[in-house]
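Asks: Top line first, the protein sequences correspond to chains A and B.
The first sequence begins at 1144 in the numbering used here and counts up by one.
The second sequence begins at 114 in the numbering used here and counts up by one.
Hints may be right or wrong, so weigh each one.
Stated by the list, open to error - Mimicking DMTMM-like on lysine to aspartate or glutamate, the simulated pairs with C-alpha atoms at most 25 Å apart in a straight line are:
id, chain 1, residue 1, chain 2, residue 2
1, B, K400, A, D1384
2, B, K249, A, D1170
3, B, K400, B, E202
4, A, K1381, A, D1300
5, B, K338, A, D1170
6, A, K1381, B, E377
7, A, K1224, A, D1384
8, A, K1381, B, D407
9, B, K400, A, D1375
10, B, K249, B, D330
Stated by the list, open to error - A short list of chain A residues far from chain B (calculated; beta carbon distances all over 10 Å):
id, residue
11, V1216
12, N1229
13, I1233
14, D1300
Since the hints were derived computationally from the structure, they do not count as laboratory data.
For clarity, every value in this text was computed on a predicted model and none was experimentally measured.
Positions of the beta carbon are idealized from the N, C-alpha and C atoms, including for glycine.
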Amino acid sequence: MSAETLTSKRIERRAARARRIRDSRTDRVFMFCVYLLLTVFLLVVLLPLVYIVASSFSSPEAVSAGRVTFWPVEFSLRGYKAVFENPQIIQGYANSLFYTVVGTVVSVVMTIAIAYPMSRRTLVGRNLVMSLILFTMLFTGGLIPTYLVVQQAGLLDTRWALIVPQAIGVWQVIIARTYFRTVIPEELVEASQLDGCGDLRFLWSVVIPLAKPMIAVIALMYAIYQWNSYFDALIYLKNPDLFPLQIVLRNILILNTYSGGAIDASVVLQRQQLADLLKYSLIVVASVPVLIIYPFVARYFTKGIMIGAVKG
Amino acid sequence: MAVLTSIPPPVGEAPTRRRRRRRSERVTVTRLRRSLRRHWTLYLLMAVPLVWFGVFKYIPMANAVLAFKNYNVVRGIWGSQWVGWQNFELFFQNPVFWTLVKNTFLLSVYTVAASFPLAIILALALNEIRVGLFKKTVQLVTYAPYFISTVVVVSMTILMLSPRLGLVNDAIGLFGVPAIDFLGNPDYFRHIYVWSDVWQTTGYSAVIYLAALAGVDPALHESAKIDGATRWQRIRHVDLPGIMPTAVIILVLAVGNIMAIGFEKAFLLQNPLNLSESEIIATYVYKTGLLNADFSLATAVGLFNSVINLVLLLGVNTIAKRITGNGLWS
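Only chain A is shown next, with the shape it has when bound in the complex (with noise of 0.2 Å):
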């Protein structure tokens, strides 16, 4: 290269950094206070979760005696070892799975089964029906009312108590209807019936197929909920046998009952302390699946609640 073109070239990039639309001081400056702000946000939302996940992997010693920042301290798997050799856990984390996988099964096939036919505009009375179901957005029963109805369906103690009673998400409703209105033109539908298709058959081989983003989106939201919900578990389940999880984790975490009946003065330390130490590690591990779930659909969970703001 000869040293004109490289001069030339010079010359050209500082024209066009001419030309470009620069920002003034005052939007610099105002620029720095922005990823300053962002960067705050950021830190307050992550130290807490580092905090946690250092603590789990540093040993019980270590944890006890608070001396655990933002990074494992004597490096150890004791908790997760503690976790996994609980089987109240494991017995709570397979409960866990099967309410989740059942409930949002359920969940999924009843929101679509309100929510297409109430999309249709050939439909009469859907209107009446969408504010039938929006009204119990607005008010509802309270807690007893409902507790006597699970009582008398007779759910009460079984595991079916965590999957019927909430298996209706009004959200998700709204969300599907929406979906299924802006999505399926009627010129379709119609299209389809002068080929003989029925209703049924339509929704099936048409409509699921082409709805199939937006399921995900209401099935993640369903399986969420019930990964992560415990209060309805509190007051319909008696037998431990049934505890989801986060039943689970509360008794652990916050009612402090893990501990056996130790003898001396050495061992209640110790359990003392491995007890201290399995908190952390149980919280990494009832988070993790979400977590790891997430950032894969975190995008399409933004589309799903963009859905839902749209009114109508």
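Given the structure of chain A, go ahead and fit chain B onto it with the hints provided.
Replies: Structure of chain B alone, referenced to chain A:
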């Protein structure tokens, strides 16, 4: 089938009003009949979810008459004896009444006041950065806590604030402040509740505003730029008015839910030491109803709460519509 589906055209003089109304009724009935015949499979499909709404949403509403009865397990809800407003009077005369209302109300108002502006600020700041790894990271991280369960968030809070193990006490210990038992002191309860809530939900709430910001007409920004507006001025005069309708709806919903504040979290954070500030209506209903088995009183308390909530929602919605022209329904 020989069902008459079309209405014979009226002969002679113009239809009177009554006749016209009767005709429109007839049209609806025929339309319904025709629709039923054509779409009976869809109606059948709706049946199960509709029954579900009836059983799990509307029967509980009917069951709320329990508030006016003295519940008797043997006689059931409808067979129990009417007692009029006695349960409500009992509740209003109870010395805890005002504490409960105050705690519920303050906790909610504080939550709304703290999280509503912060979500908007986060969204506006994120919106200033168009692309890049930094934006993605901030969004992904701030959004994440929403997916963590309430039980875990509360446990994390308790662990972090613990006087023995907690990071927070370690941090303030560096400045020579002695360890504080945050959860054992009622004065701190509201702050703990609200700020852990903000921690968990701000990133999630910001998404809605980001969507609204994406809908702001770029031409407005262009012309503002040409007129020499700074970034701050563009936020104030272009972005903020742009997300106003969304913000109003979110605020109406939040205020409308003021009495319906989450039972789950208050209940988990509660302990005998902070009860004076942490007992809210929902936790009280749980304790009287399910732990003490006083179904009627608990139903009355719950009904009181639901009605206040509904009134608040309708009221706020009306005010919002009058001031800004935006409401939940038109």
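Asks: With reference to the structure, classify each hint as holding or not holding.
Replies: Here's how the hints hold up against the structure:
{"no.": "1", "hint": "K400/B - D1384/A", "result": "holds, 24 Å"}
{"no.": "2", "hint": "K249/B - D1170/A", "result": "holds, 22 Å"}
{"no.": "3", "hint": "K400/B - E202/B", "result": "holds, 19 Å"}
{"no.": "4", "hint": "K1381/A - D1300/A", "result": "holds, 6 Å"}
{"no.": "5", "hint": "K338/B - D1170/A", "result": "holds, 12 Å"}
{"no.": "6", "hint": "K1381/A - E377/B", "result": "holds, 18 Å"}
{"no.": "7", "hint": "K1224/A - D1384/A", "result": "holds, 22 Å"}
{"no.": "8", "hint": "K1381/A - D407/B", "result": "holds, 19 Å"}
{"no.": "9", "hint": "K400/B - D1375/A", "result": "holds, 15 Å"}
{"no.": "10", "hint": "K249/B - D330/B", "result": "holds, 23 Å"}
{"no.": "11", "hint": "V1216", "result": "holds, 13 Å"}
{"no.": "12", "hint": "N1229", "result": "holds, 16 Å"}
{"no.": "13", "hint": "I1233", "result": "holds, 17 Å"}
{"no.": "14", "hint": "D1300", "result": "holds, 14 Å"}
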